[in-house]
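S.K.: Sequence:
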Amino acid sequence: MDQMVIGSQVYPYTVQTQHSHCIIMNQIDGSSSLSGEGSKPVVKRRRKRRSKDSSATNDDDVAGIMLRKRKLTDEQVNMLEYSFGNERKLESGRKEKIAGELGLDPRQVAVWFQNRRARWKTKKIEEEYAKLKSQHDTVVLGQCQLESQVLELTEQLSQAQNEIRKLSERLEGMSTNSPSSSLSIEVNDAPIDFEFVPETNYNIPFYMEYWDGLYV
DNA sequence: TTGTGTTTTACGACCTCC
DNA sequence: GGAGGTCGTAAAACACAA
1 MDQMVIGSQV YPYTVQTQHS HCIIMNQIDG SSSLSGEGSK PVVKRRRKRR
51 SKDSSATNDD DVAGIMLRKR KLTDEQVNML EYSFGNERKL ESGRKEKIAG
101 ELGLDPRQVA VWFQNRRARW KTKKIEEEYA KLKSQHDTVV LGQCQLESQV
151 LELTEQLSQA QNEIRKLSER LEGMSTNSPS SSLSIEVNDA PIDFEFVPET
201 NYNIPFYMEY WDGLYV
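Note that the UniProt record's numbering has the first sequence beginning at 1, numbered continuously upward.
FYI, nobody ran anything at the bench for these hints, they're computed from the structure. Since the model is a prediction, treat every value here as computed from it, not as a measurement. Treat the hints with care, since some could be wrong.
Simulated DEER-style distance windows between Cβ atoms [claimed, not checked]:
(1) Lys123 <-> Cys144: 23 to 33 Å
(2) Leu132 <-> Leu171: 48 to 58 Å
(3) Asp137 <-> Ser175: 49 to 59 Å
(4) Lys166 <-> Glu127: 34 to 44 Å
(5) Ala130 <-> Gly93: 34 to 44 Å
(6) Glu126 <-> Glu147: 39 to 49 Å
Only pairs whose alpha carbons sit at most 20 Å apart, straight line, appear in this in silico SDA-like list of lysine to any residue [stated by the list, open to error]:
(7) Lys89 <-> Ile125
(8) Lys124 <-> Ser134
(9) Lys95 <-> Val77
(10) Lys95 <-> Val111
(11) Lys131 <-> Leu141
(12) Lys89 <-> Val111
(13) Lys71 <-> Glu101
(14) Lys89 <-> Lys124
(15) Lys71 <-> Arg119
(16) Lys97 <-> Val77
(17) Lys95 <-> Ile125
(18) Lys123 <-> Glu87
(19) Lys95 <-> Lys123
(20) Lys97 <-> Leu80
Note that beta-carbon positions come from the ideal geometry of N, C-alpha and C, so glycine has one too.
Work the whole structure out from these sequences, hints included.
M.R.: Now the structure itself:
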């Protein structure tokens, strides 16, 4: 059993001490954290913090030292973790039961669950963030690939436009008075057939230029 | 040993639900 | 209105590098 020496007094440092510590705490505070001020105006009152001074001798300071928070034992934490794994919320009866089994104040059990839920929530948020980041990175990568393809296709399109313009100019030079409804030319030894389809809606600029070139 | 960063315990303020 | 929740934070406990 650990001991805490305060002045001439030796205080046992055990689970029971932790239990007592909470009772003292509530008495000293003269308040419960669950007092619930409802919708009163927000008045942030800084609570008194416990002193770090261990050389104190008067009753209040001794109590303050007794109030020092104590780490829960591994066994207590394991039991609390197990309980938390079964159910993250803590109804009154269960809290009393756990507190009794572990020799803790019910308030300690409630606080532990509150903090545990907060840690769990933080972890969940971090996991969700990592998942979303991964998805985002995947989308960004896909976007880069698509942009690269767009550049490549734009370049190809530009080259094709140039080819067509050159051919158009050549055809213009060879043009006769009677327009033909179709014509056939070769580009790079590959035959390309053009067919005039008046009802087709060509709204791509270079096609319009091409037709304009043919039928000026 | 000591300075510093992180984790754990505890609390005050406020919110929600019954 | 009370019980129990979240949120933000203080302070003790702990880990660890320098």
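S.K.: Next step is simple, just say for each hint if it's right about the structure.
M.R.: These are the hints, each one checked on the structure:
| no. | hint | verdict |
| --- | --- | --- |
| 1 | Lys123 <-> Cys144: 23 to 33 Å | holds, 32 Å |
| 2 | Leu132 <-> Leu171: 48 to 58 Å | holds, 56 Å |
| 3 | Asp137 <-> Ser175: 49 to 59 Å | holds, 56 Å |
| 4 | Lys166 <-> Glu127: 34 to 44 Å | violated, 59 Å |
| 5 | Ala130 <-> Gly93: 34 to 44 Å | holds, 38 Å |
| 6 | Glu126 <-> Glu147: 39 to 49 Å | violated, 31 Å |
| 7 | Lys89 <-> Ile125 | holds, 19 Å |
| 8 | Lys124 <-> Ser134 | holds, 15 Å |
| 9 | Lys95 <-> Val77 | holds, 14 Å |
| 10 | Lys95 <-> Val111 | holds, 11 Å |
| 11 | Lys131 <-> Leu141 | holds, 15 Å |
| 12 | Lys89 <-> Val111 | holds, 12 Å |
| 13 | Lys71 <-> Glu101 | holds, 17 Å |
| 14 | Lys89 <-> Lys124 | holds, 16 Å |
| 15 | Lys71 <-> Arg119 | holds, 17 Å |
| 16 | Lys97 <-> Val77 | holds, 15 Å |
| 17 | Lys95 <-> Ile125 | violated, 27 Å |
| 18 | Lys123 <-> Glu87 | holds, 17 Å |
| 19 | Lys95 <-> Lys123 | violated, 24 Å |
| 20 | Lys97 <-> Leu80 | holds, 12 Å |
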